[in-house]
Amino acid sequence: MKNRPTVGEILQAKGVSRRGFLKYCATTASILALPPSMIPRIAAAIENTRRPSVIWLSFQECTGCTESLTRSAAPTVEGLIFDAISLDYHHTLQAAAGEQAEAARHAAMEENDGGYLVLVDGSIPLGNPGFSTIAGISNVEMLKETVAGAAAVVAIGSCAAFGGIPGADPNPTGAVSVMDLVKDKPVINVPGCPPIPMVMTAVLTHFLTFGTIPDLDKHGRPMTFFGTTIHDRCYRRPFYEQGKFAKTFDDEGAKAGWCLFKLGCKGPTTYNACATTKWNSGTSFPIEAGHPCLGCSEPNFWDRGGFYEPLSTGHFGSGEKLAGAAVAGVALGVAAAAAGRRRQAKFTGEG
Amino acid sequence: MDLLEFAKGPALQVAAYILVAGSIWRFVGIMLLKEKPDYSEPRKSAGILAALKVIYTRSFSAAPFKRATMYPKMMAYVMHIGLFAVVFLFVPHIMFFEGFLGFEWPGLPNSVIFFLAVAAVVSGIALLVRRLTNPVLRLISNFDDYFSWLVTILPFVTGLMIPVRMGVRYETLLAIHILSVALLMIWLPFGKLGHTFLVFITRGTTGMVFERKGAKT
Amino acid sequence: MTTVDGRHTIDREAERLAYKPPEIRHDKQGDMGPKERIDAAMYNFVKNFNTQTASYLDGCLHCGMCADACHFHVRTDDPRYTPIWKIELFKRTYKRQVGPFAFFYRLLGLKRKVTLQDLEEWQHLIYDSCTVCGRCSLVCPMGIDIAGLVSMARHGMFKAGLVPHELHEVARTSAETGSPLGISPEKFDERVEWMADEHDVDIPMDVDQADVLAVMSSIEINKYPQSIAATAKILNAAGESWTFRTDGFEATNFGLLSGNPEWQKASTMKIIDAAIKIGAKTVVLPECGHAYMALRWQGANMYGKPLPFKVLHISEYMADALNSGKIKVKKVDKSVTYHDPCQVSRRGGATQAARDVIRHLGVDFREMEYGGDYNWCCGGGGGVVTIKRADPLRHRAFKLKMDQVEKTEADELLSSCANCRQSFDDSQQHFNWDYTMGSLMEMVAENLEGGKS
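Chains A, B and C are the protein sequences, given in the same order.
Going by our numbering, the first residue of the first sequence is number 1, and it counts up by one from there.
Going by our numbering, the first residue of the second sequence is number 1001, and it counts up by one from there.
Going by our numbering, the first residue of the third sequence is number 2001, and it counts up by one from there.
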């Protein structure tokens, strides 16, 4: 690790100005809900930290999470920070393949034993080890082996965090999340389909700065990003309060930018930072683009009713069942009246 | 399955079945008891119109009773209007009904609903205080009166907590709110909240019986 | 402040500071054991549960508004006099035995079994403190006819032998002799003859065929016999073919008031039989409130089919006769207020009749504030006037009536019910009050114009 340049050196080499760098640190501080006095500490930590070793494991995934991180239109500080870490193993991004790649993974593990980070995207199939293998090693085996010497594990994306789409009903591969398998190491979930790049790098920054993992919510997500709902921070919230809703995707309400609740927006029950950090370098986010939030950063988001079914929809079961309840009510009523009459007869000796 | 899914799914489902079955049970159980024929010569013909008339007129106190019943009546009115408005005119609730009815109707702004809900809770508390302090009410009240009060007020309180939040997650609050509504639905047919439908029978019956005699209704 | 033992507290609301009379007197008739009494009460409570009563008993919201309508509660503030509380045992029995959820109430013990002690305590509430005036039935936001339920609850109390002695005695006398005051047919005949002489009026008696059967109340025969003459004058003036009958002259029905349906039916059937025997088209009831309830509204149900004749209260008869010009009256230059007998007006539906009569009399009519259907009761209805131990309570309630009457500042106070009249007379004496209750019928009879007399 000693011969590695610090992150600061790398950023300098890549042409990031001091000003741009501090701006990034300030943004990160504010997004992590840290006081401004922490900005220098963040800056110092990032500048002076040697490139941490990171092993990125991809299991049952679509590469969307990696795309999210790497495919920004212009190079961003986030992207550069990401570049600056020592991505010792990422089989999508790395040039090496096969045994050479596996050798790199093992080398990184040995060299940084107990200090490296494992980033995982994709869920792990338990149904049949053959469903997903890398270099002939099953996902579950590779995860266990790699995590053994790690400092912490970051589950990137909803598949790694909660099982995601592979884990959706009927879950043919028996997919599970990282959390389900890793019990003896800290696991940070950064769900989303895909997750917000800023969130990923901020988690890494936090780890670099403090050497600890941030506060997590009950789903293992960093509170700073997943502490409030999309609904709470949504710029269309006033329309919700006024009862102004778009009812179809092309009605006047939709054109006027009214609340998308009735179109199935899951904003009220979805914890994520989309409404504040937005996407594509702060350009927009789904609701701003006119589409309801799907709730992709929530567990089992795929199985939580229709994407376009309003949250207010209750589930009363079928009309037949309600009719059945009515029939049962009639039967009980008849029985009760008969019992009442019978008791009357018992008391009065009359029919 | 988390709490919200449980509340929106099985809890609401079971509550709806119990509401429907229990209400019909009580209704049928009363209607199928013996019916006493009245052979007396009616002074006036009294049909459904007489029943409807009293169903309407008993919503108001007759002049001699106005002063004595003013306070509880006003409180009960605020409570009932609040209940009606909150249940049927709060936009998210309308959407809820739309979910299974398939149609919607215009609602009131959230601020108005919020005001009505708070007013309903306040009048509910006033009515409880009255029940606890008025000697007549203390004597005649039983478990049903207090429990029915609780299950009626709970959905208001849990509903009002949703925007206030107080650090509790929205889904949890929403789930609690829905569960409190489920409790109300489950209890409604069995206790005095049955007046939701019994009021039409008792007032209607009196309307027909008294009108038949030509007596004051 | 000195304290007194709880059972004999100072009654600070009384006219004169007094001890609240201890209510330890629980009257019992017969020598039934406790279980037999309870069974009898249950039997006869349960008998009355039908769709109508069930919906009433199931519908109560315990809002307590009926308390504000009851003269006994308004004047004493004793919560036990809340009308719906008076039928608590009846209600409890319904929920435990017959209601739609009776099974659960029994299974979980949610509604206690009624005990003899309960029944004894409730005697005071079901009899002494309810005149069945039905004012509470008009305030109830659920539209529950509470007064009707009290009448039914009395059935159980009677059969359990738990009626206040005086009322029971009057009812028993009525069942045995045909008159609550023990007036025999011979005595009635004598009285009628006397009145015919005294007032110089023809009074047909025991005619074989007549269009109209007139009946009297024992109270009138005994205390206000001039009513007999007044009835005769009016019916004569109208040119009716009418008669009194010694086999069916008694209009009061203490079976109804005390809660014995068999006795009620026996009393009613006497009139019905007599009317049928003479082929009467109309039975004219005297100035008596509960007689109207007993025959006009419950007679046919005792008979088991529609009655083959019309039933009219004398005020209704007079109103019809005056409206149709069958009889005419001279104008009376007085101011008059009218006390509505509960069973005739509020519960009988004949409120307008008396007012029509009063209009024909041309008096300065001063309706009481909230008179007519919302009238305060005289305090003596429903048999209460017979119960001696209820006198203090009845007198207290009467204050409301006094206020109502005094506010009109009318010269004359009229009513059309001998039972009200009796209770007014009693309270008048008690309070040394200025107003003497007069009879609407007598005023009409005294001012008849032309016709036979």
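Worth flagging that the hints you see were computed from the coordinates, not collected in a lab.
Errors might be hidden in some of the hints.
In silico SDA-like cross-links for lysine to any residue, where the CA-CA straight-line distance does not exceed 25 Å [as the list claims (entries may be wrong)]:
#1 Lys2111(C) <-> Lys278(A)
#2 Lys244(A) <-> Phe1097(B)
#3 Lys278(A) <-> Ala335(A)
#4 Lys255(A) <-> Leu1193(B)
#5 Lys2305(C) <-> Lys278(A)
#6 Lys346(A) <-> Asp2039(C)
#7 Lys1216(B) <-> Lys2187(C)
#8 Lys2187(C) <-> Gly2161(C)
#9 Lys321(A) <-> Lys1216(B)
#10 Lys2399(C) <-> Thr2076(C)
#11 Lys2111(C) <-> Lys2187(C)
#12 Lys2310(C) <-> Phe1097(B)
#13 Lys1034(B) <-> Pro2204(C)
#14 Lys1073(B) <-> Asp2206(C)
#15 Lys247(A) <-> Trp1105(B)
#16 Lys2047(C) <-> Lys255(A)
#17 Lys1073(B) <-> Asp1038(B)
#18 Lys2399(C) <-> Ser1061(B)
#19 Lys2095(C) <-> Lys255(A)
#20 Lys1066(B) <-> Gly2372(C)
#21 Lys2388(C) <-> Asp2039(C)
#22 Lys1044(B) <-> Val1028(B)
#23 Lys1053(B) <-> Ala2196(C)
#24 Lys247(A) <-> Glu1098(B)
#25 Lys244(A) <-> Leu1193(B)
#26 Lys2111(C) <-> Phe1097(B)
#27 Lys2111(C) <-> Lys1073(B)
Q | Restraint status (C-alpha distance of Lys2388(C) to Asp2039(C) at most 25 Å) | A | With a Cα-Cα distance of about 28 Å, the restraint between Lys2388(C) and Asp2039(C) is violated, given a limit of 25 Å.
Q) Would the pair Lys244(A) and Leu1193(B) pass a check requiring their Cα atoms to be no farther apart than 25 Å? A) Not satisfied, since the Cα-Cα distance of roughly 34 Å exceeds 25 Å.
Q: Below or equal to 25 Å on CA atoms is what counts here, so check Lys2111(C) against Lys278(A).
A: Since the Cα atoms of Lys2111(C) and Lys278(A) sit roughly 63 Å apart, the hinted pair is violated (cutoff 25 Å).
(Q) Can you confirm whether the C-alpha distance between Lys2310(C) and Phe1097(B) stays at or below 25 Å? (A) violated (55 Å)
Q. Under the criterion that the straight-line Cα-Cα distance not exceed 25 Å, is the pair Lys255(A), Leu1193(B) satisfied?
A. Answer violated: Lys255(A) to Leu1193(B) is near 45 Å, above 25 Å.
Q | Satisfaction of hint between Lys2187(C) and Lys1216(B), Cα-Cα up to 25 Å | A | With a Cα-Cα distance of about 39 Å, the restraint between Lys1216(B) and Lys2187(C) is violated, given a limit of 25 Å.
Q. Given the hinted pair Lys1044(B) and Val1028(B), is their alpha-carbon gap at most 25 Å?
A. At roughly 29 Å apart (the allowed maximum being 25 Å), Val1028(B) and Lys1044(B) break the hint.
Q. Given the hinted pair Lys1073(B) and Asp2206(C), is their alpha-carbon gap at most 25 Å?
A. violated (57 Å)
Q. Does the alpha-carbon distance linking Lys2187(C) and Gly2161(C) stay inside the 25 Å limit?
A. violated (31 Å)
**Q.** Hint consistency between Lys346(A) and Asp2039(C) [alpha-carbon to alpha-carbon, up to 25 Å]
**A.** holds (11 Å)
**Q.** Pair hint Lys1053(B) and Ala2196(C), alpha-carbon separation not exceeding 25 Å
**A.** Distance of about 49 Å is beyond 25 Å: violated.
Q.
Lys2111(C) and Lys1073(B) were given as a pair; does the straight-line alpha-carbon distance stay at or below 25 Å?
A. Roughly 29 Å separates the two Cα atoms, so the pair is violated.
In the structure shown, a violation is registered for the earlier hints numbered 1, 3, 4, 5, 7, 8, 9, 11, 12, 13, 14, 16, 17, 19, 21, 22, 23, 25, 26, 27, in ascending order.
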